[in-house]
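Q: Counting with the numbering used here, you get residues 1 to 308 for the letters of the sequence shown.
One thing to keep in mind: the hints can contain errors.
To be verified - Below, a list of computed lysine-lysine pairs in the BS3-like style, where the Cα atoms sit at most 25 Å apart: (1) K237 / K204; (2) K208 / K163; (3) K246 / K236; (4) K246 / K227; (5) K237 / K181; (6) K157 / K204; (7) K208 / K251; (8) K137 / K157; (9) K163 / K204; (10) K190 / K178; (11) K137 / K178; (12) K208 / K157; (13) K236 / K204; (14) K251 / K181; (15) K37 / K57; (16) K208 / K101; (17) K36 / K57; (18) K101 / K57; (19) K163 / K181.
Claimed, not checked - Label pairs and their computed distance ranges (CB to CB): (20) I276 / G252: 51 to 57 Å; (21) S55 / E133: 39 to 45 Å; (22) T12 / E65: 22 to 28 Å; (23) D161 / A94: 22 to 28 Å; (24) A94 / E65: 46 to 52 Å; (25) E203 / K227: 20 to 26 Å; (26) C86 / F149: 32 to 38 Å; (27) E287 / P187: 15 to 21 Å; (28) N20 / S55: 33 to 39 Å.
The hints are simulated quantities; they were obtained by calculation from the structure and are not laboratory data.
No experiment lies behind these values; they were computed from the predicted model shown.
Ideal Cβ placement from N, Cα and C applies to all residues, glycine included.
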Amino acid sequence: MIIPLPVPGTFTYRIPYELNEVVKVGQRAIVQFGRKKVLAGLISQLHEEIPSNFSPKYILVLLDENPVIFPLQLEFWSWMKQYYMCHIGELMQAALPSALKLSSESLITLSRDYQPDAQTLNEYEFQIVEALELQSKLTLTEVSQILGFQKVMPLIKNMIDKKMIVMEEDLKEKYHEKTEKFVRLRPEMKSDEAMQQLMDQLEKRAYKQLEIVLAFLSHPAEHGQEKEVSQQILLKKSNASHAQLKALAEKGVFDIFERTISRLTRYAANSSPDAILLAPNQQLALEQIKQHFTEKAAVLLHGVTSSG
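Turn these sequences into a full structure, and let the hints guide you.
A: The structure is reproduced here in structure tokens:
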């Protein structure tokens, strides 16, 4: 049995007598792993070798009538395990869709397209739907506590098949967009008259705010675009504080907004393609490529790796 955890090797479980004729490699089965964890493992091998040093636990429930993973895929996983030096359980966790990965800590939520109808639900389905309407997410452990029995996996699988509920991966997004605050003039402040009136007021009452406005006006704008200045640059240029800039925003002078910026540095080319000197063989290849493009719209290029 492959367990979807970063642990080495596979694990041996016993098959109840009544399942002997229907169990197949590639099916999922609910098993107890450790004292409390219950999860869906994948049957990777069937044998009759009884371990001598421990007594295997029985599988609790067979989830699938037919295999969800086939021998060729298991062979591929085995190759990947050796090539990438990882555990087979990690590959299973990465390869299977979330709906096929069930454990006591799995999260379920109501499907967006599902319209609850009490008349079509059995007693247990009704309890789960009712609980999810009150609390948007439930772990399978919580479902077990609500229903009052342990073997909830087949019921959950059936509700997933009916598209009543969906599994939700409880993962936090590791990548966050980098943002930066920018400052721009409010539309009503763009006329010369409004700007002159503002500067007269600030000169008498808030000279530091006037310096912020002057720093903004002196900052160059990109050609053909509305002037937007980085808040960090503006405050540094005017030697002002966040509070002083915020006061101008509250007066309706500036809009302060966030913009997503790339984490990659912008690079400018320091030479043009025409300035590149090619070796004789490269020049010949380039001329042949250009010639082919004059004859056909699509050209297949065959190059040797690292040949230049």
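Q: Measure nothing beyond the straight line between the CA atoms of K246 and K227; if it is 25 Å or shorter, mark the hint as holding.
A: Roughly 18 Å separates the two Cα atoms, so the pair holds.
Q: Determine whether the Cβ-Cβ distance between E287 and P187 falls within the hinted range of 15 to 21 Å.
A: With a Cβ separation near 56 Å, E287 and P187 fall outside 15 to 21 Å, so the hint is violated.
Q: Is the distance from the Cβ of E203 to the Cβ of K227 consistent with 20 to 26 Å?
A: 22 Å, holds
Q: Quick one, are K237 and K181 close enough, alpha carbons at most 25 Å?
A: Between K237 and K181 the Cα gap is close to 15 Å, so the pair holds against 25 Å.
Q: Lying within 39 to 45 Å: is that true of the beta-carbon distance S55 to E133?
A: Holds, since S55 and E133 (Cβ atoms, about 43 Å apart) stay within the stated range.
Q: Holds or violated: K137 and K157, Cα atoms, limit 25 Å.
A: Since the Cα atoms of K137 and K157 sit roughly 16 Å apart, the hinted pair holds (cutoff 25 Å).
Q: Do the alpha carbons of K246 and K236 lie within 25 Å of each other, as the hint requires?
A: Roughly 15 Å between the alpha carbons, so the hint for K246 and K236 holds.
Q: Just tell me: holds or violated, for the beta carbon distance of D161 and A94 against 22 to 28 Å?
A: 23 Å, holds
Q: Within a Cα-Cα threshold of 25 Å, do K137 and K178 meet the stated pairing?
A: Violated, because 29 Å separates the two Cα atoms, which is more than 25 Å.
Q: Is it true that the CA of K163 sits at most 25 Å from the CA of K181?
A: 43 Å, violated
Q: Starting from K190, check that the Cα of K178 is at most 25 Å away, please.
A: Violated. K190 to K178 sits at ~30 Å, over the 25 Å cutoff.
Q: With a cut-off of 25 Å on the C-alpha distance, tell me whether K236 and K204 pass.
A: Roughly 23 Å separates the two Cα atoms, so the pair holds.
When the structure is compared with the earlier hints, violations turn up for hints 2, 6, 9, 10, 11, 12, 16, 19, 24, 27, 28 and for no others.
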